[in-house]
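**Student:** The lines below spell out each chain.
Number of protein chains: 2
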Amino acid sequence: MSIVVVGSVAYDGVETPHGKVDRMLGGSCTYIALSASYFTDVKIVAVVGDDFAQEDVDLLASRNIGLEGLERAPGKTFFWAGVYSQDMNDRTTLTTDLNVFEHFDPKLPASYANEPYLFLGNIQPSLQRQVRAQMTKPRITGGDTMNLWIEHFRADLLETLKGWDFLLINDGEARMLSGENNMRRAARAIQAMGPNTVVIKRGEYGAMLFRGDDYFIVPGYLLDTVFDPTGAGDCFAGGFNGYLAQQGIDLAQGHIDRRELSRAVIYGSVMGSFCCERFGVDRFRTLTRAEIDARFQEFKTFTDF
Amino acid sequence: MSIVVVGSVAYDGVETPHGKVDRMLGGSCTYIALSASYFTDVKIVAVVGDDFAQEDVDLLASRNIGLEGLERAPGKTFFWAGVYSQDMNDRTTLTTDLNVFEHFDPKLPASYANEPYLFLGNIQPSLQRQVRAQMTKPRITGGDTMNLWIEHFRADLLETLKGWDFLLINDGEARMLSGENNMRRAARAIQAMGPNTVVIKRGEYGAMLFRGDDYFIVPGYLLDTVFDPTGAGDCFAGGFNGYLAQQGIDLAQGHIDRRELSRAVIYGSVMGSFCCERFGVDRFRTLTRAEIDARFQEFKTFTDF
Numbered sequence: 052m053s054i055v056v057v058g059s060v061a062y063d064g065v066e067t068p069h070g071k072v073d074r075m076l077g078g079s080c081t082y083i084a085l086s087a088s089y090f091t092d093v094k095i096v097a098v099v100g101d102d103f104a105q106e107d108v109d110l111l112a113s114r115n116i117g118l119e120g121l122e123r124a125p126g127k128t129f130f131w132a133g134v135y136s137q138d139m140n141d142r143t144t145l146t147t148d149l150n151v152f153e154h155f156d157p158k159l160p161a162s163y164a165n166e167p168y169l170f171l172g173n174i175q176p177s178l179q180r181q182v183r184a185q186m187t188k189p190r191i192t193g194g195d196t197m198n199l200w201i202e203h204f205r206a207d208l209l210e211t212l213k214g215w216d217f218l219l220i221n222d223g224e225a226r227m228l229s230g231e232n233n234m235r236r237a238a239r240a241i242q243a244m245g246p247n248t249v250v251i252k253r254g255e256y257g258a259m260l261f262r263g264d265d266y267f268i269v270p271g272y273l274l275d276t277v278f279d280p281t282g283a284g285d286c287f288a289g290g291f292n293g294y295l296a297q298q299g300i301d302l303a304q305g306h307i308d309r310r311e312l313s314r315a316v317i318y319g320s321v322m323g324s325f326c327c328e329r330f331g332v333d334r335f336r337t338l339t340r341a342e343i344d345a346r347f348q349e350f351k352t353f354t355d356f
Numbered sequence: 052m053s054i055v056v057v058g059s060v061a062y063d064g065v066e067t068p069h070g071k072v073d074r075m076l077g078g079s080c081t082y083i084a085l086s087a088s089y090f091t092d093v094k095i096v097a098v099v100g101d102d103f104a105q106e107d108v109d110l111l112a113s114r115n116i117g118l119e120g121l122e123r124a125p126g127k128t129f130f131w132a133g134v135y136s137q138d139m140n141d142r143t144t145l146t147t148d149l150n151v152f153e154h155f156d157p158k159l160p161a162s163y164a165n166e167p168y169l170f171l172g173n174i175q176p177s178l179q180r181q182v183r184a185q186m187t188k189p190r191i192t193g194g195d196t197m198n199l200w201i202e203h204f205r206a207d208l209l210e211t212l213k214g215w216d217f218l219l220i221n222d223g224e225a226r227m228l229s230g231e232n233n234m235r236r237a238a239r240a241i242q243a244m245g246p247n248t249v250v251i252k253r254g255e256y257g258a259m260l261f262r263g264d265d266y267f268i269v270p271g272y273l274l275d276t277v278f279d280p281t282g283a284g285d286c287f288a289g290g291f292n293g294y295l296a297q298q299g300i301d302l303a304q305g306h307i308d309r310r311e312l313s314r315a316v317i318y319g320s321v322m323g324s325f326c327c328e329r330f331g332v333d334r335f336r337t338l339t340r341a342e343i344d345a346r347f348q349e350f351k352t353f354t355d356f
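Chains G and B, in that order, are what the protein sequence lines are. Residue numbers 52 to 356, in the numbering used here, belong to the letters of the first sequence in order. Residue numbers 52 to 356, in the numbering used here, belong to the letters of the second sequence in order.
Hints were generated in silico from the structure; no laboratory data involved. It is possible that part of the hints are untrue.
Partial chain G-side listing against chain B, Cβ under 7 Å, derived [claimed, not checked]:
#	residue
1	ASN232
2	ARG235
3	TYR266
4	PHE267
5	ILE268
6	PRO270
7	LEU273
8	ASP275
9	ARG310
10	ARG314
11	PHE353
Listing some non-contacts, in silico: residues in chain G with all C-beta distances to chain B over 10 Å [as the list claims (entries may be wrong)]:
#	residue
12	LEU118
13	ALA132
14	MET197
15	GLY245
16	GLY263
17	GLN297
18	THR337
19	ARG346
Here are a few chain B residues that sit away from chain G, every Cβ distance over 10 Å (derived from the structure) [said to hold, decoys possible]:
#	residue
20	ASP92
21	GLY100
22	VAL108
23	LEU110
24	LEU212
25	GLN297
26	GLN304
27	GLU328
Idealized CB from N, CA, C, for every residue including glycine.
So that you can see chain G by itself, here it is in the shape it has in the complex (with noise of 0.2 Å):
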């Protein structure tokens, strides 16, 4: 089943203890759907200025990428540049040229209105919100936030979760956003404010699943090194929204089989290590299929017992 992505489509400048790169694809919305054309049909909802390379638009074509819903506006392309840390915990922000991102009104085209997945890139709430009221009637809504949210616009946020049914956050705001610091409890928290099912990133330790009082945690995947992190949290997002609509898991139903969740979060996992390999959305040129689930089958292996 096709899932709608909506989120930033960027110019990234990133160097980590690995090299530079001045300028290259990056945002939200074009990792989470690189990662989850990989299990299903995608189509986004963003918006680019007329600096936006044809190679890049190219890039997202070849995954049959919908973009129909990729609008152009007279101007620059959203632009964030940072620096990494030298263990690559840290990133600090050089750069954030938001350009024609700051007027973003998110359109949806007619024919992406009755797709029955939708996702919502890491944006401001009362923009997802919208979004959201544009879909005919999605059968599972989930998204994304930041601390900027968290903190400033929290009311917003919260008339927003009230509408989905799963969030993908980190574990750092998920302390945030409930106020608990034990993540069971910051789940249950979470849950009450509306998604059925939370998701907690943890970086390099991994994700974790809470759906009502059942719970699912898998380590990370131990890379040898990590070339740039940038986006790995999206292509989570990817792996477990393109599991998810692949299956055509009903997240609104009582019942569902908490393993074939589990699994959605192992594709995260497996799409997240993939985009660390390499810098921006370079690894995306050429992963295979087959790639990912030799992947997946290695999770499988190094945590058996």
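Start from chain G and add chain B according to the hints.
**Tutor:** Structure of chain B alone, referenced to chain G:
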């Protein structure tokens, strides 16, 4: 098969956000022995002062722990006091009174010398070596260490590690010992120092085992409340060692079913999690093997996909 455990038997004063105890039984050898006693026969080598209480002797004896090597010296028992931060990820030492531990000269009773398993708790590396030299031929030697020995007794520690089959260490110490930030490379570097098996503890994030090119990773158990993390790492060591000895696993052999080693890591994780549920050793006053096996099954459930 029996296991010989060497380390500290102490009194601890501990304050956590959940309460404060001025003086209670503690010490690495105590925690390791209590934990391992659920799996196999345990014999300890340690020193206490003339203030060591009969009720504490009785607790150890109630778990059938061999106390022939528990030396009583004139003076006071080792005393440590510390306070944990609000999130319990940091702790500050308030008092370290070595007392009789300062001149600890571990002497193995003759009845211990032929035991096949030896675990060297975190004491000075030269003392660890001295204990091992008193064993006829321990089949499996494992041990723990800490930042103090890694930083200031490095040559001594490296000499000691040559004779070990496995090292149990936390992630920060693994980085310090190996000079490698990446855990996979850190483990490889440590294997080159002697131990064929390296177990890396990651606190709330779980644990990893490396042997040859094979590895296993398990996330940490999600406790609703961590009352007191003191001794959790030692209880992990007790569960890990205890299971090895119970199953008669010989790490010196070329081929071992890696899943057996993984199960030892799970039992280590199970015992560490129980330890945190009460202050000090209190959880071991009521803990049963049935509870341990039930939690082992919980690990199966929440990691299954």
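**Student:** Since VAL108(B) was said not to touch the interface, does its Cβ keep a gap of more than 10 Å from each Cβ of chain G?
**Tutor:** Nearest chain G Cβ is 36 Å from VAL108(B), so the label holds.
**Student:** Under 7 Å, Cβ to Cβ, is where ARG310(G) needs to be relative to chain B, so tell me if that hint holds or is violated.
**Tutor:** Status holds, d = 5 Å.
**Student:** Is the claim that THR337(G) lies outside the interface with chain B correct, judged by CB distances over 10 Å?
**Tutor:** 23 Å, holds
**Student:** If you take the shortest Cβ to Cβ gap from ARG314(G) to chain B, is it below 7 Å?
**Tutor:** For ARG314(G), the interface hint holds, since the closest Cβ of chain B sits about 5 Å away, which is under 7 Å.
**Student:** The hint names PHE267(G) as touching chain B; please verify it with the least Cβ-Cβ distance against 7 Å.
**Tutor:** 6 Å, holds
**Student:** Does the nearest C-beta of chain B fall within a distance shorter than 7 Å of the C-beta of PRO270(G)?
**Tutor:** This interface hint holds because 4 Å falls under the 7 Å limit.
**Student:** Is the claim that LEU212(B) lies outside the interface with chain G correct, judged by CB distances over 10 Å?
**Tutor:** 23 Å, holds
**Student:** Can the hint on LEU273(G) be confirmed by a CB-to-CB distance to chain B that is less than 7 Å?
**Tutor:** Holds, about 5 Å.
**Student:** Measuring Cβ to Cβ, find out whether LEU110(B) lies farther than 10 Å from everything in chain G.
**Tutor:** With a cut-off of 10 Å, LEU110(B) remains clear of chain G, as the shortest Cβ separation is near 30 Å.
**Student:** Just checking, GLY263(G) versus chain B, shortest CB gap more than 10 Å?
**Tutor:** Fine: 13 Å to the nearest Cβ keeps GLY263(G) off the interface.
**Student:** Against chain B, does MET197(G) hold up as non-interface, every C-beta pair farther apart than 10 Å?
**Tutor:** About 21 Å separates MET197(G) from the closest Cβ of chain B, which puts it past 10 Å; holds.
**Student:** Against chain B, is ASN232(G) within 7 Å by beta-carbon distance?
**Tutor:** 6 Å, holds
Comparing the model with each earlier hint shows no violations; every hint is respected.
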